[in-house]
Each structure stands twice: as structure tokens, then as C-alpha cells.
Amino acid sequence: MQAADKSLRQSVSLPARVARRVKALARTRKTSASRVITELIESGLEAREQQRRRFFELAERLTSSRDRDEQRQLKDDLARLTFGA
Amino acid sequence: MPKIRWTDLPPALRDHLLDRLRERKITAQDLYRLKLWRESDPDAPDGEWYKDFGSFKVCGDGEYPKTFLLRAKLRKVRSSDARAFGGSLLRRCDRVARGATRSKVFEEALEGWLRNVRQRSLEDEVERYYSSLSKAERAEDSKWAGLAPRALGETWT
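Chains as they are written, first to last, in my numbering: chain G, 1 to 85; chain U, 1 to 157.
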């Protein structure tokens, strides 16, 4: 097993509402809460990475676009990502 | 503690920043840092605040981000200010700064100057109006001026 794949014991405080949902999910899937938390964190990290890639892709398209309509659309998308709704 | 409000940003202000991104005057990396900072839901400080993102700064007042200052622009001003304003003016500026930046001192000085210009233009306007009146109009105006405070007194008492 590579060092990066080693498991580390971490103590994390979860809001009660989240902890309840994690337990319920673990029961449904017949697995441990620890496993569910790991999967959720992994998918959260993946989603964040995808969002980061999308952000930079939009920024790159904006800098190279010569079309005004496309620029408008790209600016709207980037504004939504940067400043929220 | 109130939070900084990002959703009420005027579209023109957002566009200004994104246009600078298009012109490569700010970097996508720095804009992404702003996004991450916004997502951390930062508390709104009391009064004016600044947050540096490298190629630009966000300047705000309380809950509201007010403007974005570009580093390129700031650097240009800083490098030319000694030539443009002269050393003695800058030294005087530093004396009154009391810990504030030169930019801040210049900003306040410009605001004061604009207030004075507005005030002067208003006074000129009033003066022009009165000089354009005929003798009869002036007499009527002064009669009205006498009546107005009296009428006001009656309304408020």
C-alpha cells in the first residue's frame, strides 16, 4: 500500500443533522458511517476540482473569444461562479 | 456578525472586473481566489475594508463591496507619483496621512475637491439665476422669501 493510500484516524465534529443523515445512508447501504463519510468527501473533492477546471476553462474562453454574444454569456457564467446567484 | 453581500453587486461593477480578466489585466487564478474567499462567507468588517487578491484588490464598506482596484493601475500611479506630484507634495501628504496610505489621502483630497466643485457650481447657478431676474421678479422673489419662513412656522407649530 502506498503512503498516500494509508488510512489516518481523524476526529471530526459533524452537525447533528448531518450525522443523522450519514448514519441513515450507512444503514441503507449496509456499510459503515466511516465509509460513507469517506465517499462523500471524495465526491465533494471531485466536484470541487471539476468546478475549478470549469472556472479556468470559462476564463480561458473569455480571454480568447472575439464574439460579443459569447463574451456576454461567458461573463454571466463566470459572475455566477465567482459571486454566487 | 453581518456577512459581506455579494449578490447585490451592480452588474457594471462585475462586468468591469470580468472585462479586465478578458484583457488579461487580472489573472483567472486571482479571480478564483476571490471566489473561494466569497464561498467562505466572510464577516463584514465595520467601515471601509480592503482585500488583496494579487492582481486586484476588493474595496468595500461594511457589508458592501464597492470597487475593484487593479494592481497594474496602482503600480503605475505609484511609480509616476514622485514625478507627477513632486517630492514636497508627497512629503506633505505623508505628514497628514497618519497611518493611512497615500492612495487613501489622495482619494479623500479628491472627494473634498469634488464637493467644493459641486458647491461652487451650485452657487454659480444660483447667482446666474438671480442676475437673470428683472427688477419686478426680484421684488416678488424677496416677498416670497419673507413669506416662506412665516408659513413654515405656522405649519410646524
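Check the hints yourself; a few may be wrong.
Straight-line distance between alpha carbons at most 16 Å, and here's what the computed EDC-like set of lysine to aspartate or glutamate pairs gives [said to hold, decoys possible]:
#1 U:Lys25 x G:Glu49
#2 U:Lys35 x U:Glu48
#3 U:Lys35 x G:Asp77
#4 U:Lys66 x U:Asp8
#5 U:Lys35 x G:Glu57
#6 U:Lys35 x G:Asp76
#7 U:Lys66 x U:Asp94
#8 U:Lys3 x U:Asp46
#9 U:Lys3 x U:Glu63
#10 U:Lys25 x U:Asp61
#11 U:Lys104 x U:Asp43
#12 U:Lys35 x G:Asp5
#13 U:Lys66 x U:Asp52
#14 U:Lys143 x U:Asp124
#15 U:Lys3 x U:Asp30
Calculated from the structure, these hints are not laboratory results.
Note that the structure is predicted; figures quoted are calculated from it, not measured.
A quick look at each hint next to the structure:
A C-alpha spacing of about 25 Å is found between lysine 25 of chain U and glutamate 49 of chain G, which places the hinted pair above 16 Å, so the restraint is violated. At most 16 Å may separate the alpha-carbon atoms for a hinted pair to count; lysine 35 of chain U and glutamate 48 of chain U exceed this at roughly 20 Å. A threshold of 16 Å between alpha carbons decides the hint, and for lysine 35 of chain U with aspartate 77 of chain G the separation of about 13 Å falls inside it, so the pair holds. Between lysine 66 of chain U and aspartate 8 of chain U the CA atoms are separated by roughly 11 Å; this keeps the pair inside 16 Å, and the hint holds.
In summary, the hint linking lysine 35 of chain U to glutamate 57 of chain G is supported, as the alpha carbons are separated by about 15 Å, within the 16 Å threshold. About 14 Å separates the Cα atoms of lysine 35 of chain U and aspartate 76 of chain G, which keeps this hinted pair within 16 Å; it holds. This hinted pair does not check out: lysine 66 of chain U and aspartate 94 of chain U have alpha carbons roughly 25 Å apart, beyond 16 Å. Under the criterion of a C-alpha separation no larger than 16 Å, the hint pairing lysine 3 of chain U with aspartate 46 of chain U is consistent with the structure, at around 11 Å.
Taken as a hint, the lysine 3 of chain U and glutamate 63 of chain U pair is honoured in the structure, with Cα atoms around 6 Å apart against an allowance of 16 Å. With a CA separation close to 24 Å, the supplied pair lysine 25 of chain U and aspartate 61 of chain U exceeds the 16 Å bound. Between lysine 104 of chain U and aspartate 43 of chain U the CA atoms are separated by roughly 23 Å; this puts the pair beyond 16 Å, and the hint is violated. Between lysine 35 of chain U and aspartate 5 of chain G the alpha-carbon distance is near 30 Å, which puts this suggested pair outside the 16 Å criterion.
Of the pairs offered as hints, the one joining lysine 66 of chain U and aspartate 52 of chain U holds, with about 14 Å between alpha carbons and a cut-off of 16 Å not exceeded. This hinted pair does not check out: lysine 143 of chain U and aspartate 124 of chain U have alpha carbons roughly 23 Å apart, beyond 16 Å. Among the hinted pairs, lysine 3 of chain U with aspartate 30 of chain U is inconsistent with the structure: their alpha-carbon atoms are about 21 Å apart, more than 16 Å.
Hint check: violations occur at hints 1, 2, 7, 10, 11, 12, 14, 15; the rest are consistent with the structure.
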